[in-house]
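From these two lone chains plus the hints, build me the complex, please.
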Amino acid sequence: MVERSPVLDAASHVVLLLGVLVIAFPVYLTFIASTQTSQEIVQVPMSLAPGTSMLETYRVALVGGVTSVGGRVSSVAHMMWVSLVSALVIAIGKIAISLLSAFALVYFRFPFRTLVFWMIFITLMVPVEVRIFPTYKVVSDLGMLNTYAGLTVPLIASATATFLFRQFFLTVPDELVEAARIDGAGPMRFFKDVLVPLSATSIAALFVIQFIYGWNQYLWPLLMTTDESMYPVVMGIKRMFGGGDAANEWNVIMATAILAMIPPAVVVLVMQRWFVKGLVDSEK
Amino acid sequence: MGAISLRKVVKRYGSGATANQVIHGVDAEVADGEFVVIVGPSGCGKSTLLRMVAGLEEISDGEISIAGRVVNRLEPAERNIAMVFQNYALYPHMTVFDNMAYGLRIAKVPVAEIRTRVDQAAKILELGAFLARKPRELSGGQRQRVAMGRAIVRKPAVFLFDEPLSNLDAKLRAQTRLEIQKLHGELRTTSLFVTHDQVEAMTLAERMVVMNAGRIEQIGTPDEVYHRPATTFVAGFIGSPPMNLVRGRASGAGFQAGGQLLPLAAPAPRDGELVVGVRPEHVELVDRPAAATWPLRVQAIEMLGAERLVYGVLGETLFTVRLDATMPHPKIGDVVGLRAEPGHLHWFDAASSARVEGPLAPTAAS
Chain Z
1 MVERSPVLDA ASHVVLLLGV LVIAFPVYLT FIASTQTSQE IVQVPMSLAP GTSMLETYRV
61 ALVGGVTSVG GRVSSVAHMM WVSLVSALVI AIGKIAISLL SAFALVYFRF PFRTLVFWMI
121 FITLMVPVEV RIFPTYKVVS DLGMLNTYAG LTVPLIASAT ATFLFRQFFL TVPDELVEAA
181 RIDGAGPMRF FKDVLVPLSA TSIAALFVIQ FIYGWNQYLW PLLMTTDESM YPVVMGIKRM
241 FGGGDAANEW NVIMATAILA MIPPAVVVLV MQRWFVKGLV DSEK
Chain E
1 MGAISLRKVV KRYGSGATAN QVIHGVDAEV ADGEFVVIVG PSGCGKSTLL RMVAGLEEIS
61 DGEISIAGRV VNRLEPAERN IAMVFQNYAL YPHMTVFDNM AYGLRIAKVP VAEIRTRVDQ
121 AAKILELGAF LARKPRELSG GQRQRVAMGR AIVRKPAVFL FDEPLSNLDA KLRAQTRLEI
181 QKLHGELRTT SLFVTHDQVE AMTLAERMVV MNAGRIEQIG TPDEVYHRPA TTFVAGFIGS
241 PPMNLVRGRA SGAGFQAGGQ LLPLAAPAPR DGELVVGVRP EHVELVDRPA AATWPLRVQA
301 IEMLGAERLV YGVLGETLFT VRLDATMPHP KIGDVVGLRA EPGHLHWFDA ASSARVEGPL
361 APTAAS
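Going line by line, the protein sequences match chains Z and E. Residue 6 in the numbering used here sits at position 6 of the first sequence, with consecutive numbering throughout. Residue 278 in the numbering used here sits at position 278 of the second sequence, with consecutive numbering throughout.
Bound conformation, chain E alone (with noise of 0.2 Å):
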């Protein structure tokens, strides 16, 4: 039982007149069991909003639940959760068992029952042969594994991740990974995850928490922030490389765009100023700038294997397509023409960059 419930949370340090405000005002729900992720760029507030649900900041407005219990006033102790950080802070004098057992001594449980605890979360940890070494004798990826077993014992409602596999290298991220996905699998214990990289975000979430500048952009499962992003933050943010923003007028089938008027397979949700979006991944190149198609001039080509990358303007703005390394390329130089489907075009408002939705909103299945 641990359902999350935020709302209009506000954190600013100092007070008055020199206030900083950092989270304005913001509103989510997590469900009990649910797998949620917060991401954003640095300095946008998902570690502190984060840090305010351990309750290792305070809650400067609103208010925050958990399991149904108001837990502003509560020390992180009283609150029910676990939390895993970034460098793993586990003690570096005790052993991978004490370092497990230790909240639970405090917490006065019965030594038998602290030793069975701890036993079970070594096995699902496989940290079993490690109990008694200390952590400077474990790799990377076994003290992000300790860290975890001390979140295990606890049974708490609430796992609290921050940001706990930026300190392994590549391969290990990808591993450990999979196995938060399966410990999650397990135990369907609640999990706020926070991180800025959008892989881990896309993986891992049930749903996700879309932040930037101390307020929530989108909230929804990988696939809606991906098909149908809310602002052009998240547009630009999710997905790599980012989709391409075109900015420009609208009226009727066409589409001024600094000085290169776009024509449109169909017409826009609505004519002004807007900015419309599409994936790299979702246009395609046609050799020669035909009447229905963008002119789009190749200024570089990255080859990454699978795909290439092909960089290059549309009037004045940088445009980047992804292409299978398969497919023929044009080279640098070539003007070629780009074309897509209008369901793969995204809307947006230029003032307010919200999402505009137009008659033939693309689809959320893939």
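So that you can see chain Z by itself, here it is in the shape it has in the complex (with noise of 0.2 Å):
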């Protein structure tokens, strides 16, 4: 690190190597293998190199309908859309949510707020494993099975959020209410007008976050859905396996894993920039 020498160079070139090939090395199988058709993929050794079938294996993973083999797939773009929705309704549920409760926290003096505060904060020592059944039972009783809303509500509560977004607000030096309040501006006027622009970055950053955890939820649908039009795609994954002697459709699973890798990637790409400044500085 502080000194060059090329012996030192190499060392660090080859570990970066060996890690880039364990994450990437799967993930490029994965797609060589969407890539065949089903008689392709079961030869052994599976060849590395791309098949000819990409387009009518990706064309059918995403409408859906019968394959090459017979076998009865449904639309992976449907299940996509109900991913994108739940993913987005959690992650910016979330933030809406958290950014409320933080700014009531810090900046209203209420009876038992450091009850609340404390009350949030436990919960964070709670997963949602935890308390998965009795959210069950809740959300069933309220008729909100198979709905987006049941996919979605129970998740969007996040004492990580709220907590991350108090800290932030503490750190803003109380000159600045002053300010705002010598501007005339009202509460809910700071929060829009100052607040929420200087948290800016941190909101690009739990974006990130809470996409992928909202995008990568299974345990929940799993349970809640039983309906095949609200599967999210990462369970449709696992649906597809087929149960006892039914041969695998794996070039449409493969797909499917593609297909459903896309989306994260690209938040994450797009909002790269935003996500390491909001974790790194705190633009004050």
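Just to be clear, a hint being listed does not mean it is correct.
[What the hints assert, rightly or not] Below are the SDA-like pairs computed for lysine to any residue, each with C-alpha atoms no more than 20 Å apart in a straight line:
1. K192(Z) / M94(E)
2. K192(Z) / I106(E)
3. K277(Z) / H93(E)
4. K277(Z) / P92(E)
5. K8(E) / A19(E)
6. K134(E) / P197(Z)
7. K108(E) / D193(Z)
8. K134(E) / V177(Z)
9. K123(E) / Q181(E)
10. K134(E) / V172(Z)
11. K192(Z) / P92(E)
12. K192(Z) / T95(E)
13. K155(E) / R188(E)
14. K155(E) / E178(Z)
15. K137(Z) / V126(Z)
16. K8(E) / R215(E)
17. K108(E) / P187(Z)
18. K108(E) / F190(Z)
19. K277(Z) / M94(E)
20. K277(Z) / R136(E)
21. K108(E) / R189(Z)
22. K134(E) / T201(Z)
23. K134(E) / F190(Z)
24. K182(E) / T221(E)
25. K277(Z) / F207(Z)
26. K192(Z) / D98(E)
27. K331(E) / E281(E)
28. K277(Z) / E137(E)
29. K108(E) / F191(Z)
30. K192(Z) / H93(E)
31. K238(Z) / I258(Z)
32. K134(E) / D193(Z)
33. K238(Z) / W81(Z)
34. K134(E) / V196(Z)
35. K192(Z) / R105(E)
36. K277(Z) / A204(Z)
37. K123(E) / R133(E)
38. K134(E) / W274(Z)
If you are wondering where the hints come from, they were derived from the structure by calculation, not from laboratory data.
In structure tokens, the structure reads:
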């Protein structure tokens, strides 16, 4: 790190290349498999060169229908739509709720404020999985099974994001609040005109994290969706594995996996600059 | 139109037996168009007082009125004031223009009017070239000017300054001080300026309010405060180096201070326990202790360029003398004689520390 020597340079490159290989090779393999036909995939060893039926496989995966070997698959495009809507609602919902609750916690004096903060904070220690059955009961009693609301609302409350925004708001100088008061800005005006713009980078970073969190939800949708039209794509991949002796359409499954990877990758790429900035510095 | 009037203003934190009172019934009047500086050591309550005028702190008791209207229950925005903060408190994500225009936009001032007012303020403050910049792209002095611009565009009845110069370096501070003076000359808006820096206070104030421990010690013009300090606190706080204060007992033409009998050219205003004060610049040194002089044992000498400070002990009290650098000066260890005009002696009651006027009161003119 401090000294430059050819040996050290070479060694670090080797380590980096190994790392890339470990991460990238499975993705490459998935992509290659998705371009081959079902027959080609099951050959041993599997060819590492792209196959010929890429367009056909992706078409079948996206719109659904009958595959080359006669199996039926449902439309991945629709699943991706479900995933996209839930991920967006979860990400935006989480950010909106957390911003507002952090705003209330930091800037308003109300009875039991500390108690409320600690209650929110303690939920950090309870992961979704622990409370999944009570949550299921509530969602089911409210008749929200197989709805977008059911998919998203229970995942929107977020202690982490609330905590993050609270910490950020605490670093905003008091004089800014006072200047805004003298300028005649009411609380919501201050929130909208000063706090939210100042939090922009944090919001961007959280959006990326929460979008991926929402997109990758598996256990919760598995539990509360029974209607095929409400399956998100991550769950859809699993549903494609046939049970028992039925042949698996590996090429379609792999194509679906690739498709499922694209939106989070796009979000990260597009928001990368903001994301890094949000994690590294807080612009004040 | 912006006279400010404070009547028996009290600030306490908490309530009941545990209440911590920090301002003890302050009375003061600021005339319309006047520039008044509140000065005092840290923790004396001067900023709290200003923030109560601004409406950022609640008034526990008493009454504050601005332009004849009691403002105790009004929000800061309704008080027709503008405030400049110590750390500027500019909105970091807004341009200079937006920073200045924000308050006007909230007040729903027409866009064209906002434009003119901001342009006018920018012209006065020479910020024209920076209107599109963000605060972080500006220097400290420029940010300070934006903060003032934000106050000017509101055309308030009163400007409130909360130690606005303390984040600037010495050179810029002197320059900004002059700019504030010039600005006040042009706008003639009532201004209340808080500082702990006595140079700022002396140079800016038309009248100054000296505060200590939540109470007003003296209100007066810089001349009055310097020449006729009302208490030993004011005497020791204003002036640099501070006034020498010697405690003792006066009787006739002598002043008994810690085992040392100091001869007085004119008798003290009354006999008894008193404190005599004399400014370092109002003392003459005589080579040899003569009959009518006070003996000073020199302990240290500081050369400051234009002047020389001689530190020594008089009886048991530390005593400072300021000499012109061109004048002959004693050496460390010497015992020299001090002589002060009777008119330059300030007398204070030892118990109450209040000023005691003698027949030979110092004149206010310098």
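- Unsatisfied constraints (hint numbers, rising): none
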